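Q: Sequence:
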Amino acid sequence: MALRLWTGKAICANTSSPLTVKMEQFAGIAMQDRTFFASRRPRALARLALTGLVLAAALGAPLGGSAHAGESPWVSVGAASVRLVSAGPDAANAGGASAAWDAALEIRLEDGWHTYWRFPGEAGIPTLADFGASSGLASARLRFPVPERYSDPYATSIVYHDRIVLPIDLEPAPGEAAPVLRAHVSFGVCREICMPGEAQLELPLGDGGPDFAARQAISAARAALPRPQGEAPPRIAAIERKDLAPAHGKAPEETLVITAELASPTDPVDLFAEGMEGSYNGVPVLLERDGTTARFALPARGLASSADGSRPLALTLVEGATAVEHRSEVPPAAN
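Going by my numbering, the residue at position 143 of the sequence shown is 328; the numbering climbs one at a time, nothing skipped.
In case anyone wonders, no lab produced these hints; they're calculated from the structure.
Pairwise CB distance ranges (calculated):
# : residue 1 : residue 2 : range
1 : 461       : 348       : 24 to 34 Å
2 : 331       : 519       : 29 to 39 Å
3 : 463       : 326       : 12 to 22 Å
4 : 435       : 336       : 13 to 23 Å
With a cut-off of at most 25 Å between alpha-carbon atoms, the simulated SDA-like pairs for lysine to any residue come out as follows:
#  : residue 1 : residue 2
5  : 427       : 515
6  : 427       : 510
7  : 427       : 490
8  : 435       : 471
9  : 435       : 515
10 : 435       : 480
11 : 435       : 518
12 : 427       : 514
13 : 427       : 461
14 : 435       : 337
15 : 427       : 484
16 : 427       : 462
17 : 427       : 472
18 : 427       : 478
19 : 427       : 439
Given the structure is predicted, the values throughout are model-derived calculations rather than measurements. Cβ atoms here follow ideal geometry from the backbone N, Cα and C, with glycine treated the same way.
Kindly produce the complete structure, drawing on both the sequences and the hints.
A: Structural data, given as structure tokens:
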């Protein structure tokens, strides 16, 4: 049985951190619509065993062995181990006003465990990183390669298994020769039970020379990032609003029917949807596939609205080894 409801207050040395607050906010949103979540896993609610435990870096221990110049020490967080890695200075930028670095967050999981995408789906907790404590950097942003769908009897989530490398887009401060990347990372790990975890990581980017193994791993992860969709398939061709009944005998509800144009009639296809911050929408369901056309249904319930009532929606379409992103705004819900 998968226990996949995140409740309980985070317990860590820094309970007021922005990421801890976001974790608690997400859990609060999940609990607000009990009909939506309870209908998907009533047994999990009835038999819930609270872990209510954040495994912070202060509670987890670094793994044995010292880190190389392009790697922070591994930090053990329950069934996961996390670290920062850097490819080292970019030789192509040598002699410039400032060096260029490429870095990533690496997560390794024990067999059978998974962690979550930036939006976890119907259950779970998002993977987040706060780089605000870094020095010598103008900006840093965590990026996410293509995830996969994971379903159990109670919910459908968006996850990663085994080992995942999440690239970090870095912009050094002008003239900075030795920036230090610091990350406060929060994420969830799940198998039969689910546990939220946190870690504090630090990596001086100016130490050492190029790390070719790290560069190869980060380059492979960047190649797996979804790209903005273009005119050629795969692409999102249409988003229609319809009133569809979620099940026989149920009242119709506002549903988005999403049509995708595909490049191949045989490659596997999937679709993930994210509303704006505060959303708790589900995962699109494939309605039909006819050759190079696929249609998915996404209940509009759970999509948060912006100030003008519109509902921002980001779609990630995956066909075979290719993934594209499409962003749009769904009109305000009908009264």
